[in-house]
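Student: Sequence:
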Amino acid sequence: MKLLFIHSEWMKYEVRKKTKIAQRLEEKDKKKKFGQVLVVKICAESKDENKDDILEKTARNIKDIAKKVGESNIVLFPFAHLSDDLSNPVFALELIKNLKKCLEKSGYIVDTVPFGWVKKWSLETKGHPLAVLSRRL
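Taking our numbering as reference, the numbering of the sequence shown is continuous, increasing by one, and the terminal residue is 199.
Hints may contain errors.
Only pairs whose alpha carbons sit at most 20 Å apart, straight line, appear in this in silico SDA-like list of lysine to any residue [to be verified]:
1) 167 - 155
2) 64 - 169
3) 113 - 142
Ranges between beta-carbon positions, derived for each pair [said to hold, decoys possible]:
4) 129 - 109: 24 to 30 Å
5) 91 - 134: 17 to 23 Å
6) 183 - 148: 18 to 24 Å
7) 74 - 109: 31 to 37 Å
8) 132 - 95: 17 to 23 Å
9) 83 - 183: 17 to 23 Å
10) 118 - 78: 30 to 36 Å
11) 88 - 184: 18 to 24 Å
12) 115 - 193: 27 to 33 Å
Hints listed in this document are in silico derivations from the structure and should not be mistaken for laboratory results. Each residue gets a CB set at the ideal place from its N, CA and C atoms; glycine is no exception.
Could you build all of it, start to finish, from the sequences and the hints given here?
Tutor: Pasting the structure below:
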């Protein structure tokens with residue numbers, strides 16, 4: 063599991079092209095803009111499929127960084143480009159869905175970027191010492 067955290071002033075995306083693993087989307091989810099948010103780029107790797115505690119470990123790391131930067135708004139962004147040893151897409155999507163539920167139960171406001179779509183996206187980083195961090199679990 064690889065995570066890239068970007069504490070952002072804002073973040074926006076727009077889906078461009080469906081891939082063979084694209085999740086079904088409602089029209090309202092094809093384009094979004096978020097205000098101040100902690101963007102978490104998530105890349106599930108093949109070895110994560112055999113780790114019983116990967117959901118808890120990932121959630122704990124996200125909560126830790128969110129607390130450090132003082133952010134309660136989180137966007138989970140599937141980002142396969144962090145590894146060349148990807149998990150099964152079904153596993154990755156389920157992990158993200160479960161992470162969202164887990165973080166929401168802890169009081170965070172969580173949204174997700176569509177899985178399996180080519181996207182146009184941009185953001186503006188906050189520019190403080192902890193604004194961009196990474197973790198490998």
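Student: Determine which of the earlier numbered hints do not hold for this structure and return their numbers in increasing order.
Tutor: The structure breaks only hint 2.
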